[in-house]
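If you want the building blocks of each chain, they are given just below.
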Amino acid sequence: MNAFDDTLHRVLARYHGRAIPVRTSSQLSPDPDVTIGIATIKIVTEEQIQAIAFGELDQEPQVIVRLDPIGRDVQDLEPFAAFLGDTVVRAAAVDSALRLWVPHSVTLEALDVLGHRYWRNQTAPASIVRMGEICRIIAHEAIIPGQQLVADAAALLQDHVVTGLAPLEEGHLGAILAWLDPTVSDPVAEARERIRLPASGVLPNTPDCHWDDTIDRLRKEMKGAHGARRHLLEDQIAHILRRAVLREWNLLIEGRRAFLDLGLPSSLSGLVKDSNQRVRDALDNGFFPARSPKRLVEQLNVMEAGQEKSELAALEADAMLRDQAARAGGVVRGEVSTVRQNKPGFKPCDIEVSSDQGIIRFRLDDKVRIVGTNVAGVVRGLATAPGGGTRVCIEITSGVRTRNVLTAGARVELIREPYAFINYRSLGEAHTQQPWAFYSDSAPVLPSRPSSGQSALAIARAMRR
Amino acid sequence: MSVKGTTALVRLASNPGCEILGAMILEPGSEKRFYERVVGEPYDREFGERQSSKRRGAQFEQNAYAGDARLLREAFASHLGLAPDDVVVRNLLDDFPGTKDDARIARLSITRTLLKDAREGKPAPHIIIQPQLMLPTKPGPKPYFFVAPDLLILSPQNDVYLPGDLKSFVVRENELSKGDLARVRLQLGAQLLALMHEYDRFDKTAIIPASGMLVFSKPNGLAPHAPRIEDVAGGVEAIRIGIAAFLRHRQRVNDLRAGAEPYTVVADLQPHFQDSCLNTCVMAQWCRQRVAEAAGDLGDVAGRVLGDMELSRAFGLMTGDIEPADDHERLIARHLVDLAEQHSIERAA
Amino acid sequence: MSEEIDIEALKLQEAALQRQLAELREKLAKAEKGKSRASEGGRPLRAMVLDLLAEAGYPLNSLLLASLMRPLRGRDIPSTRFGTLSNDEMKSYDSSRPRPVYLCHCLTYDQGQAVKRFWARSDWPLASRIMGPMSGRILFLRGAAWTITLARAVDRGERSADNPEILNYVAADQARDAGLAVKRGEFPYDDWLAEIHMTIERFGDEDRATREKSAELLSAHLSDRDQLFGSRQPLVSLPGSSAAWRSAVE
Amino acid sequence: MTFPLRTRRNLADQVLDAAIEHALFGSAPVSIVKSPPGAGKTFLVECAAAVAVTPPAGMRVVIVTPGVSQLYDIARRLLQYRLPRLELAHAQHRVLPSDLVGRINASNGWNQNLNSGPGVIVTNAHLLAANFHHLGPNAFDLMILDEAYQLAAGDYLQIAYMAPRTLMVGDPGQLHPVNSADTTNLEASPHKIHWSAPAYVLDRFSNTPVHGLPVTRRLLPDTSDLVQAAFYRDLPFQSVVEPSERRLRFHIPGLERGLDDALDAIAAGKSLVAITLPGAAPMHEEADLELSDLIACIADRVLLRQAEWIGERVLSEEDIACIEPHVIAGGAIRDGLRQRGRAGIQVDTVERWQGLQMPVSVVRHPLSLPNVPTAFDLEAGRWCVSLSRHQIGCIVVAREAVHGVIDDYVHGCDTVAAGARDTTWAGFEAHRMIWNALRDQGRVFAL
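Residue numbers (my numbering), protein chains in the order written: chain A, 70 to 534; chain B, 70 to 418; chain C, 993 to 1242; chain D, 276 to 722.
If we strip away everything but chain A, and leave its shape as in the complex, we get (with noise of 0.2 angstroms):
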């Protein structure tokens, strides 16, 4: 959405109290049988948890307070390891793909850097290694465009709604919510109250709640402490932490709750099969972050054909986004003018389109659908027509007995067919032959070949008819 469109929308979430919807379809498919969420709550710089909520989201989480969470001793994880386990576990066993809620990013970073810390720490037992690398797989497929792994609350809001704040305000989860709540008169001044407490999984440190520096003082002085004393300072920290993560839980069920009563449609199957046949393959096989350039070379290539597959897919469930994309020429609107098909249902069959549209994006050759049917072919012809608009002439190369589209005066909707292709065979025989530019260190010396002699140029020259 562009600058003037987004104020507008701005203006009119201000006006009516209330967030306003910028897109009609979900870019998030149904929550799967097996769905969990995690809040964290980290040490700020230090980014490491001190205290995690997480389960299913229909129950109480389980909570971990960590007393030393700096310490060596991960007994106290023991539970949340088990239960990422358990969980792992349980979606093989019913062939379920896996969903996990975060309130925003930082919770997925937290679980990252608690990734990065334990999953191959030779020192940890191996349910905490193991919990370690569950973490590397989901942060590492949260960032694959498209994927249906995890979905993070706050970010699915923005992507969906917008408010009467300014952007940056919308960072914070708690604010966007104030805009999603009936119950809340003044969504401006409500929000932005909401938003002198951080939403980012941290203690709060505001003077009238000064978590963060109490938490840091109960500990210094638990260090020194024993029995009964120490005893209540552990209460303490751990009823300051219990609250904190809790506060995190909740925008989590509020978030999700938020953004499922948005009722938005999916059809996101592709991209769902995508991410779970990744996640799938890590847990069974481990993580091994892609270091060789094959493996790097794979990496980019799969995060650009998820770009490429989210946008199209998007495209194609969402009439908001393809009237902006038909303004740019992504998408090509028209009616049926010429069907080319000598015996019906079968191929050759050609057709011709006639768009209003000025600006097309498409090329020869280019592979295009026709959105909302299986119709797929390949543009073989453009002419612009003389009081403006555009003539494409597509030959059908599947879906061709699709009578209702293929048939003079038929509304259309033309997008380009996704690329996408990782040719993994092409890159594995190029890590067998491991080429010197990519694999070695120094470039090999060739014998030098015996030239003519002669100028480059001249013996062009002679060549020329």
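Hints listed in this document are in silico derivations from the structure and should not be mistaken for laboratory results.
Hints are not guaranteed to be accurate.
[Stated by the list, open to error] Once the Cα atoms are required to be at most 25 angstroms apart in a straight line, the calculated DSS-like pairs of lysine-lysine come out as: (1) 123/B with 169/B; (2) 211/B with 169/B; (3) 289/A with 123/B; (4) 185/B with 207/B; (5) 185/B with 273/B; (6) 207/B with 273/B; (7) 1205/C with 185/B; (8) 292/A with 1019/C; (9) 73/B with 101/B; (10) 1175/C with 292/A; (11) 436/A with 342/A; (12) 273/B with 191/B; (13) 467/D with 287/B; (14) 73/B with 123/B; (15) 169/B with 73/B; (16) 292/A with 123/B; (17) 247/B with 123/B; (18) 1175/C with 287/B; (19) 247/B with 467/D; (20) 73/B with 247/B; (21) 247/B with 287/B; (22) 412/A with 436/A; (23) 436/A with 416/A; (24) 436/A with 378/A; (25) 191/B with 1205/C; (26) 289/A with 1019/C; (27) 207/B with 73/B; (28) 287/B with 123/B; (29) 73/B with 211/B; (30) 169/B with 1083/C.
[As the list claims (entries may be wrong)] Label pairs and their in silico Cβ distance ranges: (31) 432/A with 357/D: 27 to 35 angstroms; (32) 1194/C with 228/B: 20 to 28 angstroms; (33) 300/A with 123/B: 24 to 32 angstroms; (34) 270/B with 523/A: 57 to 65 angstroms; (35) 717/D with 123/B: 51 to 59 angstroms; (36) 123/B with 142/A: 23 to 31 angstroms; (37) 1215/C with 270/B: 24 to 32 angstroms.
Everything numeric in this text was worked out from a predicted model, so none of it was measured.
We treat Cβ as the ideally placed atom computed from N, Cα and C, and that holds for glycine.
Here the structure of chain A is known, so what remains is to put chains B, C and D in place on it, guided by the hints.
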């Protein structure tokens, strides 16, 4: 936390148009106190660096400097083209510890000697820890900023040093938030500009590449990543623009205050509120009042799209209660009406 | 709303804790005072530093000295204390009553300026108090080696320490800082020492040569006082006089 | 031709000879030729191919192009040579352009009969990668990467082993491979596989032989000097164009101040000028319609005034390029041209103009926008392509606000990943240098 030294320069570069910031830099004492004296109420939001951040920062530095800066020698060895054991380090905190001005000035003097030695081909350390530089803004009150990079690293290509900074925050692979990236690059920009001034004092021919180095922490404990070489030409220029703005603000504040403390003239100064102020400045809420009820309250972009239009006017254009005054308003009105119509239909549906 | 109530409750508990803490700190302070008197007979820092230097035989860094005071003497020394110690020592040198030995600083090999974090004794030859380019490394390694030797001696019962366990950890930290393999709870003193001595040998001769050469020059140029506390820093002129600001990149 | 021009051309010919000699007969497995706009890199590729297939070399040569349109162009050029073998392989679903049908041995996909004995095959990287099982190591004796700076290292990885020698020829100042995905983490990797193939190789092997073509045969000296200083600091080159061969004459005198002044300035030998429209681009539109219309008007006006390339021809619609970075604004320009009966004038994005040349180009200034410029707007490569397509004259069209956008710009320092070269800042510096030069030389004509 006061707005001094590199922090002040970075803030100026990020919002050169803000006169309030100029006054804040001229005011002795903390930013929070400045707010409280201007507003007359205690500051009710989080303020200052968290204990955990301070502690980690200190530990990260301590680790990096320990054992004649063993970790730094290892981190910079390949950049310097030497074995870690052959890298020569000089920690100026050994020569003159402390944060008071006399210690800074002593370290400044040593730093200047070392910069000169290197240029003259005399033996000089490959890494200088806790050097001190100075960026003049003379003449006038606050005639200079102290700028203290964590490190100066001798460039293997020529005989000049480049600034380096240690950042204790965790970087997993290479992910940094845009805000952090901008801040650290502007810091390097300020350090590089100060370094240019130091060289300019004794050798106008010295060519200092527009780059600096950053050492982040790996996720595991306090181990440093390999140094990132940052291209900071844009940062240096932004800092120069910030300093030029400071000189203008300083002049304006001085003209107004007639010897009184800078905070006393804030009401007559021009703030330049932008969204990012909400994350960086104690005065943000106060300055924001100036755009309350106007389009700018919906963010920087809305401020540019609608100019200084009152929100009530935008609402009026949408409901038809206000007649558009010109083509621009007519167009806005038309789009708003369409949008309102579209969404009321959706709601009904 | 319930959050505010809860915060109030927390504040009350917090206040209670602070009271308890204040009492405890008072007790602790008294206890520590008594203890240090008992162990040190209230010896001043100056004397303890002179002893440790004599025992080490090399200049020591104030950070290391501070970290050794606690395990060896049960004393916590704030780092600022060394700053005043330095000033006191200069004053006493300038006073009419001379002392047999003074605490003094190492000097830079080129300028003869004080390196204030490195302490030495006035009765040592000047060459042993000079800091050449590599002396920082050598002195760190010698300090580390000496710390490990102390820990080993305590471990073997050859000498006493106020807190042997902490002394071991200080030694392990030094070994880690020197880049040696350190496993939690293991203290292979002899292996550590062997590795450290190898590195010292690598740079030792060159460093000694630099220091001796510099000592000759500095002893000829510096006054006796400056040979102990360092030559004066050159004056730094602060801006404020020039007509206008000009960027160096213009 | 003047003596200095001849000397420069001879020097350029020597570089070309040396580059080909090294690449085909030397001991380095990869050599790189950096070419400024219009230096004749395609001609170099032709010469290299000619030498390679001729005895004693007698090589099997594969020429790899990043896109299919370049592939057909190269094929057309090579058809002018008597090569022992000239083949073309493109994807299964593609249809050969009609002008090539029957003139070249073309294959949809790979077939076993291809690449047999000395000769040349022209294709692209994906097709080779898809057919690796037919090809294998050293299937070719020489691989020539045309427009190599547009080929991603990741694509090169999959074909690098197919020839023992590789000659990379490309323009380092123009657009590099576009990555739609976030490449932040790759910037910290020892393998910058998201970079272009030559940049990747030079990053890992800095001693790879590099030859810089020292001339441009397209740009007139005034444009050439500015473009070189702004975009090619590491690649010195000079124009070898004889200004007397690139003169424009208008048969109909101009009447409109500003607009016609700019066109007359081109006729007077200033090959790069700018026209500004008062005010700033409107915030509320996806395209600055007024500016788009002005671009159409200028293109139309060149023809209305019967511009003639002296000694060549009177210019027609095919001789004018409209270069617009944004697709939607491009549509608006097209509408304006259609309304003026000039539908034959081609309007396209910068990406599509890369590699092409026209006598006259009309270019929308990328910073003539209502918003604060983004990394996309400031990208140096895109601006470099826009300013280096013209053989005679380029008219940059902008809102007057561009003066302010450039004067008031403060760099945000947050557009590129940690450790990456700040291409956004480099782009801004190029913009500032170009605009200030136009302003200082009195080449900005206000309407």
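Hint check:
For the hint linking residue 123/B to residue 169/B, the alpha-carbon distance of about 19 angstroms falls within 25 angstroms, and the restraint holds. Only pairs whose Cα atoms come within 25 angstroms are accepted, and residue 211/B paired with residue 169/B is accepted, the gap being roughly 17 angstroms. Taking the CA atoms of residue 289/A and residue 123/B, the gap is about 15 angstroms. The hint holds against a cut of 25 angstroms. Under the criterion of a C-alpha separation no larger than 25 angstroms, the hint pairing residue 185/B with residue 207/B is consistent with the structure, at around 23 angstroms.
Under the criterion of a C-alpha separation no larger than 25 angstroms, the hint pairing residue 185/B with residue 273/B is consistent with the structure, at around 12 angstroms. Only pairs whose Cα atoms come within 25 angstroms are accepted, and residue 207/B paired with residue 273/B is accepted, the gap being roughly 19 angstroms. Taken as a hint, the residue 1205/C and residue 185/B pair is honoured in the structure, with Cα atoms around 22 angstroms apart against an allowance of 25 angstroms. At most 25 angstroms may separate the alpha-carbon atoms for a hinted pair to count; residue 292/A and residue 1019/C meet this at roughly 17 angstroms.
Taken as a hint, the residue 73/B and residue 101/B pair is honoured in the structure, with Cα atoms around 13 angstroms apart against an allowance of 25 angstroms. With a CA separation close to 23 angstroms, the supplied pair residue 1175/C and residue 292/A stays within the 25 angstroms bound. Proximity of residue 436/A to residue 342/A is assessed by CA-CA distance (about 23 angstroms); at most 25 angstroms being required, the pair is judged to hold. Between the alpha carbons of residue 273/B and residue 191/B the distance comes to roughly 19 angstroms, so the proposed pair stays at or under 25 angstroms and holds.
Between residue 467/D and residue 287/B the alpha-carbon distance is near 21 angstroms, which keeps this suggested pair within the 25 angstroms criterion. Proposed proximity of residue 73/B and residue 123/B is supported: the alpha carbons are some 17 angstroms apart, at most 25 angstroms. The suggested pairing of residue 169/B with residue 73/B holds, with an alpha-carbon distance near 14 angstroms, which does not exceed 25 angstroms. Using a Cα cut-off of 25 angstroms, the hinted pair residue 292/A and residue 123/B holds, with the two alpha carbons roughly 19 angstroms apart.
At most 25 angstroms may separate the alpha-carbon atoms for a hinted pair to count; residue 247/B and residue 123/B meet this at roughly 22 angstroms. Between residue 1175/C and residue 287/B the CA atoms are separated by roughly 21 angstroms; this keeps the pair inside 25 angstroms, and the hint holds. Our distance criterion of 25 angstroms between C-alpha atoms is met by residue 247/B and residue 467/D, whose separation comes to about 21 angstroms. A hinted pair counts as satisfied when its Cα atoms are at most 25 angstroms apart, and residue 73/B with residue 247/B qualifies at roughly 23 angstroms.
Annotation: proposed proximity of residue 247/B to residue 287/B holds, straight-line Cα distance about 19 angstroms (limit 25 angstroms). A hinted pair counts as satisfied when its Cα atoms are at most 25 angstroms apart, and residue 412/A with residue 436/A qualifies at roughly 23 angstroms. For the given pair, residue 436/A sits about 17 angstroms from residue 416/A by alpha-carbon distance, which is consistent with the 25 angstroms threshold. For a cut-off of 25 angstroms, the pair hint linking residue 436/A to residue 378/A stands: about 14 angstroms separates their Cα positions.
Only pairs whose Cα atoms come within 25 angstroms are accepted, and residue 191/B paired with residue 1205/C is accepted, the gap being roughly 16 angstroms. Annotation: proposed proximity of residue 289/A to residue 1019/C holds, straight-line Cα distance about 17 angstroms (limit 25 angstroms). For the proposed pair residue 207/B and residue 73/B, the alpha carbon gap of about 16 angstroms is at most 25 angstroms, so the pair holds. Proximity of residue 287/B to residue 123/B is assessed by CA-CA distance (about 17 angstroms); at most 25 angstroms being required, the pair is judged to hold.
Distance hint between residue 73/B and residue 211/B is fulfilled; the C-alpha atoms sit about 10 angstroms from each other, no more than 25 angstroms. This hinted pair checks out: residue 169/B and residue 1083/C have alpha carbons roughly 21 angstroms apart, not beyond 25 angstroms. Evaluation of the 27 to 35 angstroms hint for residue 432/A and residue 357/D yields a pass: the beta carbon distance comes to about 33 angstroms. Between residue 1194/C and residue 228/B, the C-beta spacing of about 26 angstroms keeps the proposed range 20 to 28 angstroms intact.
In this structure the supplied range 24 to 32 angstroms holds for residue 300/A paired with residue 123/B, their Cβ-Cβ distance being about 29 angstroms. The hint said 57 to 65 angstroms for the Cβ distance between residue 270/B and residue 523/A, and at roughly 60 angstroms that hint holds. Look at residue 717/D against residue 123/B: about 57 angstroms separates their beta carbons, and that is inside 51 to 59 angstroms. For the pair residue 123/B and residue 142/A, the beta carbons lie near 25 angstroms from each other, so the given range of 23 to 31 angstroms is met.
For residue 1215/C and residue 270/B, the Cβ-Cβ distance of about 30 angstroms falls inside the hinted range of 24 to 32 angstroms, so the restraint holds.
Consistency with the previously given hints is maintained throughout, with no hint failing.
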